[in-house]
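Visitor: With the sequences and hints as input, model every part of the structure.
Just so we're aligned, residue 5 is where the sequence shown starts under our numbering, counting upward by one.
Heads up, a few of these hints could be off.
Unchecked claim - Listed next, with one range per pair, are the computed distances between beta-carbon atoms: (1) Arg110 <-> Arg64: 23 to 33 Å; (2) Pro236 <-> Gly59: 37 to 47 Å; (3) Arg242 <-> Gly35: 16 to 26 Å; (4) Arg110 <-> Arg162: 19 to 29 Å; (5) Gly166 <-> Gly59: 23 to 33 Å; (6) Pro236 <-> Arg162: 33 to 43 Å; (7) Pro244 <-> Arg61: 44 to 54 Å; (8) Glu22 <-> Gly58: 20 to 30 Å; (9) Ala152 <-> Ala213: 18 to 28 Å; (10) Gly107 <-> Pro244: 23 to 33 Å; (11) Leu87 <-> Glu223: 19 to 29 Å; (12) Pro236 <-> Ser20: 12 to 22 Å; (13) Pro244 <-> Glu125: 36 to 46 Å.
Hints listed in this document are in silico derivations from the structure and should not be mistaken for laboratory results.
Since the structure is predicted, the reported quantities are computational estimates derived from the model, not experimental observations.
Cβ coordinates follow ideal geometry from the N, Cα and C atoms, glycine included.
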Amino acid sequence: MACPGLYRGDVFEPVSVEDVRAWEGNSEYRGYPLSLAMESAGAAVASLLECVLGGLRGARVAVLAGRGGNGGDGLAAARRMALRGAKVDVYLAFRGEGEVSRGDVRLMLHSLRGVEGVRVEPYRGEAPALEGYDAVVDSLLGVGSRGAPRGPVLELLRAYNGSQGYRLSVDVPSGLDADTGAVEGEAARSDATVTMHWVKRGLLEPRAAHYVGDLYVAEIGFPSAAQLYAGPGDVAARIPGPA
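Guide: Take a look at the structure:
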C-alpha cells in the first residue's frame, strides 16, 4: 500500500525507548516542540486510515485515548479525521481534563471543541460497545508504560480487542513493552501499528507480531540533528539522577 509519509517498518534500524526519549528532548531543545510532533502524528494516523479505508468521508471511527502523550496523538488524529469527513467517537480512559497533567494533551483535547463530526465521551465506569465502526484506534498507552494494563485502560483495551472494525495502534500496541516486545497481562491485538519516526525495538520481536500486525513508520518532523548530535535530551534520558 502506497501512502505518502508512511513507510514499511521492517526496513528501519530499531531503536530503544531510551534513544527515543533522548532524541525527543534534543528536538525540543532545537525548537521542535512535542505538541507539534503530536499534531504530525495525528495527521499520519488519519492518512493511514484514509489509505486503508479508501477515504474517510462517511467512515465511522472510534478513538480510544489515554491521558498521556499517546492519547494526545489519538486526539489529534480524531480532529484530522473529522475534518476529512469521518464521524469520530472519542472514548477517554479518564473522567475529564482534570486528570490530564500534560499541557500538550490538554491542548489536543481542547482542539476538539466545536469540531463537527467529533463526539467525546469521558470514562463513566464501563467500556463502550464498539459496534458498527469501520476502524478503531488504540491510543491508550505509549512507549513509557510498564506493567499490565489496569482500570479503565484495561476495560477499553478489551473492548478494542473485541471490536470488528480495522484495528490500528498508535506508536505501539497498548500493553506491549516497546523495548522487548513482551506482554504482561493483556495487550492490543491490532491489524496494523503506525509507529512514530523511529521503529521501537520491541515491535520487531517475533513474539510481538500477533499484536503489532502490519508495521508502518510515519515521518513526523523530528530534526535529524537531534539524533546526530548529543544534547540535553541525552543527559536527561541516559544519565541517572541523584538517588
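Visitor: Run every hint past the structure and note whether it holds.
Guide: Against the structure, the hints:
Restraint check, Arg110 to Arg64: a C-beta distance of roughly 26 Å satisfies the suggested window 23 to 33 Å. Taking 37 to 47 Å as the suggested C-beta distance range, the pair Pro236 and Gly59 conforms, at roughly 43 Å. Checked against the hint of 16 to 26 Å, the C-beta distance between Arg242 and Gly35 comes to roughly 22 Å, which is consistent with it. For the pair Arg110 and Arg162, the beta carbons lie near 27 Å from each other, so the given range of 19 to 29 Å is met.
The hinted window of 23 to 33 Å between Gly166 and Gly59 holds, with their beta carbons roughly 26 Å apart. Between Pro236 and Arg162 the C-beta distance comes to about 40 Å, which sits within the given range of 33 to 43 Å. With their beta carbons about 51 Å apart, Pro244 and Arg61 fall inside the hinted range of 44 to 54 Å. Checking the proposed 20 to 30 Å range against Glu22 and Gly58 shows it is violated: the Cβ atoms sit about 39 Å from each other.
Checked against the hint of 18 to 28 Å, the pair Ala152 and Ala213 passes, with Cβ atoms roughly 20 Å apart. For Gly107 paired with Pro244, a C-beta distance near 27 Å keeps the hint of 23 to 33 Å intact. Taken as a hint, the range 19 to 29 Å holds for the pair Leu87 and Glu223, whose Cβ atoms sit roughly 21 Å apart. Hint check: Pro236 to Ser20, Cβ distance near 18 Å, so the stated range 12 to 22 Å holds.
Checking the proposed 36 to 46 Å range against Pro244 and Glu125 shows it holds: the Cβ atoms sit about 41 Å from each other.
Violation of the numbered hints given earlier is confined to hint 8; every other hint is satisfied by the structure.
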